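Asker: One letter stands for each residue in the lines below.
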Amino acid sequence: GAGVSQSPSNKVTEKGKDVELRCDPISGHTALYWYRQSLGQGLEFLIYFQGNSAPDKSGLPSDRFSAERTGGSVSTLTIQRTQQEDSAVYLCASSAGQRGWTEAFFGQGTRLTVV
Amino acid sequence: AQKVTQAQTEISVVEKEDVTLDCVYETRDTTYYLFWYKQPPSGELVFLIRRNSFDEQNEISGRYSWNFQKSTSSFNFTITASQVVDSAVYFCALSVTGNQFYFGTGTSLTVIP
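Chain order of the listed sequences is A and B. Count the first sequence with the working numbering and you get residues 1 to 115, in order. Count the second sequence with the working numbering and you get residues 116 to 228, in order.
In case anyone wonders, no lab produced these hints; they're calculated from the structure. Some clues are possibly wrong.
[Stated by the list, open to error] With a Cα cut of at most 30 Å, we get these calculated DSBU-like pairs of lysine-lysine: (1) A:Lys57 <-> A:Lys11; (2) A:Lys15 <-> A:Lys57; (3) A:Lys57 <-> B:Lys153; (4) B:Lys118 <-> A:Lys57; (5) A:Lys11 <-> B:Lys131.
[As the list claims (entries may be wrong)] Stretch-level coverage of chain A by chain B, calculated; a stretch enters the list once three of its residues show a Cβ under 8 Å from a Cβ in chain B: (6) 13 to 21; (7) 70 to 77.
[Said to hold, decoys possible] Which bits of chain B does chain A cover? Going by a derived footprint, with three or more residues having C-beta under 8 Å, they are: (8) 146 to 158; (9) 168 to 181.
Just so you know, these numbers come straight off a predicted model, no measurement behind them. A virtual CB, placed ideally from N, CA and C, is assigned to each residue, including glycine.
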């Protein structure tokens with residue numbers, strides 16, 4: 001597609017439920033990133049994919065968080081047993097370069113609210 | 116360790132004033148890239164500029180200009196003759212290995228008409 005697409009744009013879930021967030025990167029972009037932005041805060045790195053591999057998962061806050069990427073394209077971020085502190089905007093970005101030295105293009109984000 | 120500091124949390128200017136957003140970075144690597152992004156109220160981050168560590172030339176794009184100084188580890192962003200549409204949160208970011216972009220905490224700019 002023309003840009004990075006994320007779905008859903010908004011998600012309200014009950015505490016303890018699992019959620020899946022989807023990211024469709026720009027076609028041909030090999031690098032994909034997930035970030036989290038809490039209200040009024042900066043961007044917190046979660047995970048980086050190069051192709052289907054995730055060489056850097058250092059930002060995942062707990063084992064309730066996991067992510068995968070298939071076909072070098074679509075990525076899914078899964079949060080199990082959601083907690084209220086998981087409420088945030090989850091941003092996905094993709095870039096053409098292998099070493100992050102090219103700019104990343106961001107999607108519009110998924111606003112997750114855990115009630 | 117990598118770090119980006121944007122000391123200005125919020126700035127307000129009157130339309131047509133010039134404004135400079137500060138960015139100071141820390142890294143021990145000699146090869147790195149610096150970026151600026153704009154996040155308007157709609158929420159989507161918009162890429163503005165990329166600069167590599169070997170190119171200290173300043174850059175101008177319309178009303179936007181960037182001043183990169185390795186001696187002070189700074190990559191400042193100036194908006195000339197600000198407009199209401201410039202109101203947004205601006206993020207400075209650093210990339211070293213490529214595994215992640217290190218973002219500053221952002222500067223919220225409000226341009227008052």
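Asker: Please go over all the hints and tell whether each is borne out by the structure.
Answerer: Hints versus structure:
Straight-line distance between C-alpha atoms of Lys57 of chain A and Lys11 of chain A comes to about 24 Å, which keeps the hinted pair within the 30 Å bound. This hinted pair checks out: Lys15 of chain A and Lys57 of chain A have alpha carbons roughly 24 Å apart, not beyond 30 Å. For the given pair, Lys57 of chain A sits about 26 Å from Lys153 of chain B by alpha-carbon distance, which is consistent with the 30 Å threshold. Between the alpha carbons of Lys118 of chain B and Lys57 of chain A the distance comes to roughly 19 Å, so the proposed pair stays at or under 30 Å and holds.
Proximity of Lys11 of chain A to Lys131 of chain B is assessed by CA-CA distance (about 40 Å); at most 30 Å being required, the pair is judged violated. Look at the region 13 to 21 of chain A against chain B: 0 of its residues bring a Cβ nearer than 8 Å to a Cβ of that chain, fewer than three, so the hint is violated. Proximity of the region 70 to 77 of chain A to chain B, defined as three or more residues with a beta carbon under 8 Å from a beta carbon of that chain, is not established by the 0 residues found. With a threshold of 8 Å between beta carbons, the proposed coverage of the region 146 to 158 of chain B by chain A holds, since 5 of its residues qualify and at least three are required.
Interface restraint, the region 168 to 181 of chain B with chain A: violated (0 residues with C-beta to C-beta distance below 8 Å; minimum three).
When the structure is compared with the earlier hints, violations turn up for hints 5, 6, 7 and 9 and for no others.
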